[in-house]
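Participant: One letter stands for each residue in the lines below.
4 protein chains.
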Amino acid sequence: MRICGVSSDLALEAHAALRAQTGGEIPGVAVNRKSFTNGQVTVVEIINDIGTQAMGKPIGRYVTIEAPAIRQTDPKAHQEIVRVMTQELAAMINLPDRASVLIVGLGNWNATPDALGPRVVDAVMVTRHMFEYVPEAVEEGMRPVSAIAPGVLGITGLETAEVVEGIVSRVKPALIIVIDALAAGSVERIASSIQIANTGIRPGSGLGNKRRGITQETMGVPVISIGVPTVVHAALIAHEAINRLYQSFQQQIPPQEHAEAIIGQLLQPFGGALMVTPKEIDVLIQNCAKIIAGSLNAALHKTVSSQEYASYLQ
Amino acid sequence: MRICGVSSDLALEAHAALRAQTGGEIPGVAVNRKSFTNGQVTVVEIINDIGTQAMGKPIGRYVTIEAPAIRQTDPKAHQEIVRVMTQELAAMINLPDRASVLIVGLGNWNATPDALGPRVVDAVMVTRHMFEYVPEAVEEGMRPVSAIAPGVLGITGLETAEVVEGIVSRVKPALIIVIDALAAGSVERIASSIQIANTGIRPGSGLGNKRRGITQETMGVPVISIGVPTVVHAALIAHEAINRLYQSFQQQIPPQEHAEAIIGQLLQPFGGALMVTPKEIDVLIQNCAKIIAGSLNAALHKTVSSQEYASYLQ
Amino acid sequence: MRICGVSSDLALEAHAALRAQTGGEIPGVAVNRKSFTNGQVTVVEIINDIGTQAMGKPIGRYVTIEAPAIRQTDPKAHQEIVRVMTQELAAMINLPDRASVLIVGLGNWNATPDALGPRVVDAVMVTRHMFEYVPEAVEEGMRPVSAIAPGVLGITGLETAEVVEGIVSRVKPALIIVIDALAAGSVERIASSIQIANTGIRPGSGLGNKRRGITQETMGVPVISIGVPTVVHAALIAHEAINRLYQSFQQQIPPQEHAEAIIGQLLQPFGGALMVTPKEIDVLIQNCAKIIAGSLNAALHKTVSSQEYASYLQ
Amino acid sequence: MRICGVSSDLALEAHAALRAQTGGEIPGVAVNRKSFTNGQVTVVEIINDIGTQAMGKPIGRYVTIEAPAIRQTDPKAHQEIVRVMTQELAAMINLPDRASVLIVGLGNWNATPDALGPRVVDAVMVTRHMFEYVPEAVEEGMRPVSAIAPGVLGITGLETAEVVEGIVSRVKPALIIVIDALAAGSVERIASSIQIANTGIRPGSGLGNKRRGITQETMGVPVISIGVPTVVHAALIAHEAINRLYQSFQQQIPPQEHAEAIIGQLLQPFGGALMVTPKEIDVLIQNCAKIIAGSLNAALHKTVSSQEYASYLQ
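Protein chains in written order, with my numbering: chain P, 1 to 314; chain V, 1 to 314; chain Z, 1 to 314; chain B, 1 to 314.
Source of the hints: derived by calculation from the structure; they are not laboratory data. Keep in mind that the hints are not guaranteed to be accurate.
Copies of one chain are not kept apart here, so a pair can be met inside one copy or by any two copies together.
Claimed, not checked - Taking lysine to any residue and the SDA-like style, the derived pairs with C-alpha atoms no more than 25 Å apart in a straight line are:
{"#": "1", "residue 1": "Lys-172", "residue 2": "Pro-203"}
{"#": "2", "residue 1": "Lys-172", "residue 2": "Val-41"}
{"#": "3", "residue 1": "Lys-34", "residue 2": "Arg-211"}
{"#": "4", "residue 1": "Lys-76", "residue 2": "Glu-139"}
{"#": "5", "residue 1": "Lys-279", "residue 2": "Ser-186"}
{"#": "6", "residue 1": "Lys-302", "residue 2": "Asp-97"}
{"#": "7", "residue 1": "Lys-172", "residue 2": "Glu-217"}
{"#": "8", "residue 1": "Lys-302", "residue 2": "Gln-247"}
{"#": "9", "residue 1": "Lys-34", "residue 2": "Asn-94"}
{"#": "10", "residue 1": "Lys-279", "residue 2": "Thr-42"}
{"#": "11", "residue 1": "Lys-76", "residue 2": "Val-221"}
{"#": "12", "residue 1": "Lys-302", "residue 2": "Asp-122"}
{"#": "13", "residue 1": "Lys-172", "residue 2": "Ala-90"}
Model the full structure from these sequences, guided by the hints.
Facilitator: Shown next as structure tokens:
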């Protein structure tokens, strides 16, 4: 669990926390913001090792789309978000025509807040087999795309990275796109932000246990990751409540270990495995999965307009 | 949301909170405890109006089975728990042979922590139609049992009590048994306690919104309720963390409204709809549903031993 | 099982079979056809008792939309089909503003070909509760709509009509719309035809066992039924194969009882419960459910354009 | 599709068809039968190339358990079947203690009759990760077992054998056990027979398209396959009906191509993708998955009695 902002899975949160601490610009990090009708896009670029050191994240590009309308059942807003996400994805993907892509949906399909990856894999358009088995059905502008949800350690007995590595060694994609559910630093981020990064998945990030990362180093091909916060750790909520209350009275916040001991006791016998989710998490995950799958379809295949695939997702 | 112990959905918690406050016996309330290998059974009997007033619950019998082994994948322990629950149910049911029973699984099948009722309905043995359509298949000792999961307001547009009333008016069971997921007062109760009560379901109890109760008064026949805590409200965790921390420093706890304002802000934009659940909630709900369905099968049909139905649940 | 065309669940098939037999117009029955890009609409109107006698169906309007594109993943075609179906539904519904509608999804959610009704109920927009609980969220042109999937006899122990009657007695809708999966007379109808009728559901029709119908007579309010063929009975396939083969040799077809005995033996030990379905039935049911739910949303609420709801179905 | 008995997926059917044709013993093939209370076990042993040639199957051991009680909800019968299957599996597995096993559940989880493999993977006990992450929880007699459902070509874009090969190259199990749904030669075999073979999965067998097999040759380690018939091809039913009818009249059966043309036309537009399944296929698949998972648990781990795992399956 990561409870201080700096090591948040979201570069955006890490950057904001760091600026709050230091009160100034972060060297080695460039930030750009632009707005659209239903939200904003923030690009955090970690340029060099100084940036990496400060942010605790590898050099790379981290794009965050913030759009609270993801949570609403609002087709028009969703279409705009798909359009924006398609552009950001397309800019990052940058592959020759017909170069093959493997989509990997991380997470546990039996645990709703962790099921984002598998749901995207269910919804995304898969075409790789058509190139071999029904080439006559392949349309101009299509690209070979395959997709797999490798499951989690507890239900397969297999380390996720092992499974993905094995498949990559046979399928030899030109690019891997990994989708994962994240733990947010605050409740309002749940199902309202989507992060796209060109640095892959680091060990220990996301909701599940990951001993090894899924990155260009481990896989031998570029890895883009797409993440959406779907939970906040219960302990983090408790810590925040305490901190805010003490601050409001301008009392001195008790030592971190003290609060941790009390919160640890409170969350027995589940400890770090307690998650805070909204009641309607099933619907929220479904909304996110549709938006991500629609954007992937439009960004990966030239023949698919984002309009079309926003409007019709299996 | 009910955050103070006295109005907990569990009579056991309400009673403990009240004793902690008053420091003595509660008049109008009798409590009995007995142990079994994997846990204990507590019977809280609210005897008269004085007890009702103190406990905030109607006159009746509230049996709580506490057995943390429900959370483990431990077949032998589960069999013992089914045996104990079968006895407690059988003692409460007390119907003539062949009197008909309607099982009602409350809750939302699309929201895991609220899906306990529908899962029990899926797993329970249904026999009512056999008496009419295939009487030759009815075995000695069987009773006509029907079961329905009426859904929740948000997915049907119908008040649960309306649906149940309508069905009861046609089906005319001799007894209704209602299953519902509850919000607990503490994390350690999640999926470890089962409450059986002969007072039905009060309005506002359980996880969903209920404007009207399902009780002997509203339904015209006796109603037994079975409830299992599956979540704790996120706000309650935050309140508890604050209270315990201040207590540990022997500081004065800040005014309730002050903490509430801060916690309310922290839980924006979801408010009371934020739930704390363990990651493995899907498995826990499945364990509970099997134990409850097995106990119902054995308690309702004389031919079904609890042994048998513990050991084989669809 | 209904194996001769005349008693098919589809008025269209019954009419065609009858014309093939008699070689002329059917008195008391009017038929109209119109085409659209992706298919055609046939309206069979049974005008009087002579028509009823000939067709084996009550007086009423039977609209069949035939559109093989339902089976393809073709968003544009589906949008056109939704537009056409919305018009046909709107013409049949004909209710005052704000008159309340109950949608009933018949069938068994655990048996894919029989799950059409429950899937439509999952996908349709439900609004009745908003009028009471959040009136400020009700938009101009909305109508109170509720929806329930009552399950089937084998999983509830309850006769479907009992459950619906009970709910209707409490909810008092101005109109009931019932969705059901049908057995077709030929394989090519599977997931390619949608029948809308204003005569309700007769006992024995559809895939499940129904002792009593859901009609204006039994329910006290008008009932519109929507049906889609999703299976062909295995016995019917076998009969057809035999008939066609003998015909092709101009041999005399063996006596019906003889073929029935042989086919009955062949289909042991499952008998009439053997269904022929395409492998991809899950996807086909999903396509049909989306199209029906989209059309219902647009036909029931003035604010929802069929365009919009074709394009965005939960 | 394989419609003549000789090339049936079941060695038992192939052998019976061959004996019916030749009227005598099949050279190179040994057959043994033994009974148990709820059924019988037949071992077909293909001993040499002569047997292979005759049977159209590789040299190996094919054990078929026939037990119609699999279809009933009969816990005691299921326990006996698990006990028998455990013995047959244990005899075939024959591995050193702690040698690691990979279970592969073939098939499409979105198509019920093809979902047997994925359902077994859901239900089976997975332990491999415990040896590395929580070695203190590993009990005496446990073996490292992992399990994966690789999906099918149409939903992943990946050839099943590619995925399995990739995983095997990383995980290096000592044995692979593959579970697959089969097409039967007759309706009465559906969900009543389980075949265990030590020859792996040949290309083209089972319900899905498989270009490459999963065998010791392709995978580099021994492969045991477990198969259960879950459907009969619709065309086969039609052929059988025709053949039996003509036989009953002692008429000459029309040329095979003629019947094929007529049946092909009858099954348009779905062709070979039309399956005959019983309505209750979901329950039947669930029964089979539980029995197979229970037997695997007991055969793979010395500490798990078949009694225990028959009686308690997740």
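Participant: Starting from the hint list further up, note which numbers the structure goes against and sort them upward.
Facilitator: Checked against the structure, the hints that fail are numbers 2, 3, 8, 10 and 11, while the rest are satisfied.
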